[in-house]
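Engineer: Each chain, letter by letter, is given below.
Number of protein chains: 2
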Amino acid sequence: MADGSTNDMITQRSSKLEQAIRVDLAEGRLAVDRRLPPERELAERYRTTRITLREALSHLEMDGLIYRENRRGWFVSDRRLVYNPLWRTDFQRMTREQNRQASTELIEAVSAVAPDDICALLEQPSGTEFWRIRRRRRVDDRLVVFVEHHLSKTVFADILEQDLTGSLTNLYREKYALEYGDVSFEINPIALTGMPAAELHCSNGTFGLQIVRVNRDQAGRILDCDAEYWRHDAVSIRIDTRDGTP
Amino acid sequence: MADGSTNDMITQRSSKLEQAIRVDLAEGRLAVDRRLPPERELAERYRTTRITLREALSHLEMDGLIYRENRRGWFVSDRRLVYNPLWRTDFQRMTREQNRQASTELIEAVSAVAPDDICALLEQPSGTEFWRIRRRRRVDDRLVVFVEHHLSKTVFADILEQDLTGSLTNLYREKYALEYGDVSFEINPIALTGMPAAELHCSNGTFGLQIVRVNRDQAGRILDCDAEYWRHDAVSIRIDTRDGTP
DNA sequence: TCACGCATCTGGTCTATACCAATGAGGTGA
DNA sequence: TCACCTCATTGGTATAGACCAGATGCGTGA
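Those protein sequences? They're chains C and Y, same order as listed.
Be aware that the first sequence starts at 1, since it is given in my numbering, and climbs by one per residue.
Be aware that the second sequence starts at 1, since it is given in my numbering, and climbs by one per residue.
Take every hint as true, because none was put in to throw you off.
No copy is singled out in the list; a pair is fine if it fits within one copy or between any two copies.
In silico SDA-like cross-links for lysine to any residue, where the CA-CA straight-line distance does not exceed 25 angstroms:
no., residue 1, residue 2
1, 16, 201
2, 16, 195
3, 16, 204
4, 16, 194
5, 16, 50
6, 16, 30
For the record, the hints were derived by calculation from the structure and aren't laboratory data.
Let the sequences and hints guide you as you build the complete structure.
Structural biologist: Next up, the structure:
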């Protein structure tokens, strides 16, 4: 109350170990080439046990300072990518504008019956078949997002013949003369499991952001739906109504 | 691959303990009045140690099935509140429309120098004083969000004399004849610490969603800025460009 | 040259136990 | 009646040690 201010007092609840690691991280003493030493080594360095150490690392992970790759190790997080789900500018361009480098990998592109919830979103009866495109993207070489698209098989009859590692937005415009219109989306903080977790090389249960979006063309017809699964520390959502929705 | 499908196989990575708790939760065997038994009792019931049990509970917490109140215990999460940060309908109305019941508590309403980042957002020089209003809200009696507002002292000269447990939106319109115009906001997944964590009764480092918003009137003048800190499992963000921004 | 297999490294899960610290209920005394 | 104090309860943090399982790199053999 006197000088330490109520706020600071409340803030100082995290363990000493966690604070120590924070300082070492901030001053660059901990990570070699953004990679932290093995847990056993860290535990020894901080004179504690792996359990306790992992507890502290988990906190820093939730705080977005570090992240882990499943059974591979811990790494220092880079700054967040600023992302506006209303803009359908392609990923490459978006990252370039933030002086970062992106890449996309195609995981699969097949015809498949969509789950009921996806069919409902796309306003089609349960059991409808769609093109299902699964991809994952890196920013500055780090895997940050897994994306699953569902597209109408009739509207995009020959899409599997196209290059699917690039921008679908551009494909829509250039090959199908379709422009985006309205969008709706939903953002949920969730635990990453199953395929998203596996493809992003993160441990099961790692925290993430799910963004499910339904895109329409200018006539209001539903074009596709995509579910994105982001590593939570890699993204910051920003929306400004003054920007409009190009 | 045959019938178990690749997806399921990848999904089954979580521990058996975690699965057991999931089942018991789903079938209502675990919680009495939404409150889980003490950790020690649970550890005994599942024939494991508290460490292991807490690991599993943390996973379920990240998945949004349960949450904890600091040193108070574990509780079963209710369904998420659907929230559109572009709509400035008041909280009471929003919750009522979802058949839920909301309440707001005023924590403080004072004049204070805003931090530099807030001053920048409000396009005022560092060190500017604003009204600082801190509140927290409950949905169905559960604390779900802590909100910190910063308002211009000149535009809202006598706002401290108003009832600050209600809707600021309504106050703006009724007492100051101000209508909202453009909005910009930023959503960040972060760890809750300090005052937000304390006021929400959650342990330091609990996962949350931060939503920082800058509101303007119809002339484009900045009205105020508010930073919301949500319990991550209590909210789902939804935006639809067809709704417009009333 | 390249595919395969094995050894090793690393995180993931688990047992057993102890003490610290905030909460909250109940009792005490003004 | 009500403020205060005490203490049992409950989570929060920590130690010490073990084995499991995926990821990786290296070396072998075709």
